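Modelling step: build the complete structure from the supplied sequences, incorporating the hints.
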Amino acid sequence: MVGSYNRLEIARNWLPRYTGMELDQFGDYILLTNFDYYVSQFAEKCKCDIAGIGRPMQAATNSAGLSIINFGIGSANAATIMDLLISRRPKGVLFLGKCGGLKRSTEIGYFILPIAAIRGEGTSMDYLDPAVPALPSFKLHKFVSDRLVERQFDYRTGVVYTTNRRLWEHDDEFRQKMIRMSSIAVDMETATVFIVGHCNQISRGALLLVSDVPITPDGVKSEESDDRVTSKYSDIHLEVGIEAMTKIGEKGEQIKHFSY
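Sequential numbering from 11 applies to the sequence shown in the working numbering.
No wet-lab data here; the hints were simulated from the structure.
As the structure is a computational prediction, the values presented were derived from the model and not from experiment.
It is possible that some hints are incorrect.
List of simulated lysine to aspartate or glutamate pairs, EDC-like, C-alpha gap at most 16 Å [what the hints assert, rightly or not]:
| no. | residue 1 | residue 2 |
| --- | --- | --- |
| 1 | 257 | 38 |
| 2 | 261 | 38 |
| 3 | 152 | 260 |
What follows is the structure, given as structure tokens:
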């Protein structure tokens with residue numbers, strides 16, 4: 011308790027404050043993203059309004075009760091939104107993010123469904139002991155996998171390395187560390203989403219789109235290359251997320267979170 015507000019009351023106050031959307035307007039299932047484009051495309055596809063223009067986060071909810079939130083970039087923002095979502099207690103949260111591929115098998119445009127994430131970002135250490143693995147909720151990932159298979163999309167599974175560092179591409183020691191850890195990709199949010207979701211008893215997952223291959227000489231992401239990836243693959247990425255989270259809601263299957 012801090013002053014007259016407990017943790018839940020603070021979250022109930024801050025989620026509408028950050029997003030411009032009232033608590034009862036959020037659905038039971040949530041898509042998270044880092045990009046305005048995903049929110050605008052969601053609103054266009056689902057014919058719904060966008061809240062939070064000019065605020066730190068933007069959000070929208072469709073008629074089926076599925077919401078999307080653009081929470082920004084980085085592990086600190088990922089932790090913030092996963093904390094604030096305790097005010098809504100969603101039944102499932104799926105992060106639609108981009109990542110850098112670290113293997114020859116992770117070509118640009120492929121999807122990655124992480125089986126785990128390495129906690130290199132530091133933020134998650136404020137929540138749970140470093141020995142606790144960052145894992146998704148299996149049943150949620152099963153629904154996402156089913157949608158990918160139904161649509162005959164190739165995807166990879168493996169371990170993602172999550173870091174706070176944005177400019178690491180020319181740090182050979184850092185690159186070799188990720189290779190030694192058998193990471194399939196690198197991003198800035200997945201481990202945090204998994205750990206803070208676990209801490210807050212929120213079922214969570216991530217479907218990542220390989221947007222660059224930063225370990226190759228010409229593979230570092232630029233504004234131009236990212237625009238090409240967005241125009242070619244992002245609509246499909248969003249569609250799979252919408253289908254997966256809509257169908258899991260329609261089936262009415264509870265994604266159980268176990269505490270130990």
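Hints, one by one, checked against the model:
no.	hint	in the structure
1	257 <-> 38	holds, 12 Å
2	261 <-> 38	holds, 13 Å
3	152 <-> 260	holds, 15 Å
Checked against the numbered hints above, the structure violates none of them.
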